[in-house]
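Novice: Between the sequences and the hints, there should be enough to build the whole structure, so can you do that?
Residue numbers (the UniProt record's numbering), protein chains in the order written: chain A, 1 to 197; chain B, 1 to 197.
It is worth saying that the hints were derived from the structure and are not from the lab. It is possible that some hints are incorrect.
The list makes no distinction among identical chains, and a pair is therefore deemed to hold if it is satisfied within one copy or across any two copies.
[As the list claims (entries may be wrong)] Below, a list of computed lysine to any residue pairs in the SDA-like style, where the Cα atoms sit at most 25 Å apart: (1) 141 <-> 63; (2) 141 <-> 46; (3) 104 <-> 45; (4) 141 <-> 41; (5) 104 <-> 93; (6) 104 <-> 174; (7) 141 <-> 45; (8) 104 <-> 64; (9) 141 <-> 50; (10) 104 <-> 57; (11) 104 <-> 122; (12) 141 <-> 156; (13) 104 <-> 152; (14) 141 <-> 128; (15) 141 <-> 49; (16) 104 <-> 79; (17) 141 <-> 177; (18) 141 <-> 187; (19) 104 <-> 89; (20) 104 <-> 72.
Next come the chains, spelled out residue by residue.
There are 2 protein chains.
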Amino acid sequence: YAPARCTAAQTSAEQGVLPPCHHHEAVHDSQLVPCTCPLFSCPWEGHLEVVVSHLRQTHRINILQGAEIVFLATDMHLPAPTDWIIMHSCLGHQFLLVLRKQEKYEGHPQFFATMMLIGTPTQADNFTYRLELNRNQRRLKWEATPRSVLECVDSVISDGDCLVLNTSLAQLFSDNGSLAIGIAITTSKVHNAEAEM
Amino acid sequence: YAPARCTAAQTSAEQGVLPPCHHHEAVHDSQLVPCTCPLFSCPWEGHLEVVVSHLRQTHRINILQGAEIVFLATDMHLPAPTDWIIMHSCLGHQFLLVLRKQEKYEGHPQFFATMMLIGTPTQADNFTYRLELNRNQRRLKWEATPRSVLECVDSVISDGDCLVLNTSLAQLFSDNGSLAIGIAITTSKVHNAEAEM
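Specialist: What follows is the structure, encoded as structure tokens:
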């Protein structure tokens, strides 16, 4: 890695109330979608094509470019629930990384990390994302197909279908209270790779 | 992978009582060490060199050979606490893989997997082990330095310094109640790699 580094947007969800999910089903490109930012209860809705500019302008979510980037989540000690969010621009698309600290079991906060494509579920199926932690002679890698932001990030996390870290592992991978997450996106289907040549 | 497959030795710890740890400190080669098998409370003790034959003969722990093997843990639905154990012979040494199902938080069993070298902590520092799960378009890899069996497997697991899976992830990676864990061992230091040439 010789990646860009960036401190992520970060917000403690107020009073533990996470925004509701309005968008469990896939929508057509022409439909309006609600704000997909999990940080805030936001009344905004718009077309999928303008979600990125909304997230950037209204919620000040940073965007990083490159095939492989490192997302630096600071202040990992903040109490749950807390979200860290960044956008990743890659392969002609924008992805949203969500790192969430949450207490599934009271008194035992865990960290959950997943990537969502700012696009449809069909588009998301064309990609594979990899999250990698690497420190103290330990390495943890998680690879999966991103979900679409039209699906609900809350359900991905409550299903546990993402990178899950308990507090002790998060500390082993942290440096001075910050967690560096290596992110890489690749195309997952042969015909896509061919189409790009 | 085109690995050997083997069903692991597997035992539900009786009444939830795990064997005590007698060997927190490193010992000299000449010292007697207690049985390192976490499955049973076993009164045996002997030299480090005969631990492997003890585990094989008395506890019927299987041994697999090869640079990359797949350990197939069956009956993942068994109630916690349950251990799955296998020995892995590689690079002139024997390693012990321990997969444990345990309820750190009551009602929420998790799976913990780690590798121990049947050797001293100094010898263990020369190696890196990798555990890999790969199924349903998801991949999870854990890489770390093995601990010595002279350290206590219980403390490795209670520290959470190992591969940790919650039940939902374990189900995503399981096939028909069985979890296939890819295992690879490499030497971690340059001078070792050179010494083997």
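Novice: Could you run down the list of hints and mark each one as holding or not?
Specialist: Hints and how they fare:
When the C-alpha separation of residue 141 and residue 63 is checked against a cutoff of 25 Å, the pair qualifies only within one copy, where the shortest distance is 22 Å, while the shortest distance between copies is 27 Å. In this homomeric assembly, residue 141 and residue 46 never come within 25 Å of each other (Cα to Cα): the closest approach is 35 Å inside a single copy and 38 Å across copies. Proximity of residue 104 and residue 45 under a CA criterion of 25 Å is satisfied in neither setting, with 30 Å inside one chain copy and 42 Å between copies. When the C-alpha separation of residue 141 and residue 41 is checked against a cutoff of 25 Å, the pair qualifies neither within a copy, at 31 Å, nor between copies, at 35 Å.
Taking the closest pair of Cα atoms, residue 104 and residue 93 never come within 25 Å of each other, the shortest separation being 32 Å inside a single copy and 40 Å across copies. For a Cα distance limit of 25 Å, the shortest separation of residue 104 from residue 174 qualifies both inside one copy, at 21 Å, and across copies, at 23 Å. Taking the shortest alpha-carbon separations for residue 141 and residue 45, neither the intra-copy value of 34 Å nor the inter-copy value of 38 Å comes in at or below 25 Å. With identical chains, the CA atoms of residue 104 and residue 64 are never at most 25 Å apart, being 30 Å at best within one copy and 38 Å at best between copies.
In this homomeric assembly, residue 141 and residue 50 never come within 25 Å of each other (Cα to Cα): the closest approach is 32 Å inside a single copy and 36 Å across copies. Taking identical chains as interchangeable, the C-alpha atoms of residue 104 and residue 57 are never at most 25 Å apart, the minima being 32 Å within one chain and 43 Å between chains. Taking the shortest alpha-carbon separations for residue 104 and residue 122, neither the intra-copy value of 30 Å nor the inter-copy value of 38 Å comes in at or below 25 Å. Taking the shortest alpha-carbon separations for residue 141 and residue 156, both the intra-copy value of 18 Å and the inter-copy value of 20 Å come in at or below 25 Å.
Proximity of residue 104 and residue 152 under a CA criterion of 25 Å is satisfied intra-copy only: 17 Å inside one chain copy versus 29 Å between copies. Taking the shortest Cα distances, residue 141 and residue 128 sit within 25 Å of each other both inside one copy (13 Å) and across copies (15 Å). For the homomeric pair residue 141 and residue 49, neither the shortest alpha-carbon distance inside one copy (31 Å) nor that between copies (35 Å) is at most 25 Å. Taking identical chains as interchangeable, the C-alpha atoms of residue 104 and residue 79 lie at most 25 Å apart whether they share a chain (13 Å) or sit on different chains (21 Å).
For a Cα distance limit of 25 Å, the shortest separation of residue 141 from residue 177 qualifies both inside one copy, at 20 Å, and across copies, at 23 Å. Proximity of residue 141 to residue 187 under the C-alpha cut-off of 25 Å is found in both arrangements, the shortest distances being 17 Å within a copy and 20 Å between copies. Neither within a single protomer nor between protomers do residue 104 and residue 89 lie at most 25 Å apart by alpha-carbon distance, with minima of 31 Å and 39 Å respectively. Taking identical chains as interchangeable, the C-alpha atoms of residue 104 and residue 72 lie at most 25 Å apart only when both belong to the same chain, with a minimum of 24 Å there against 29 Å between chains.
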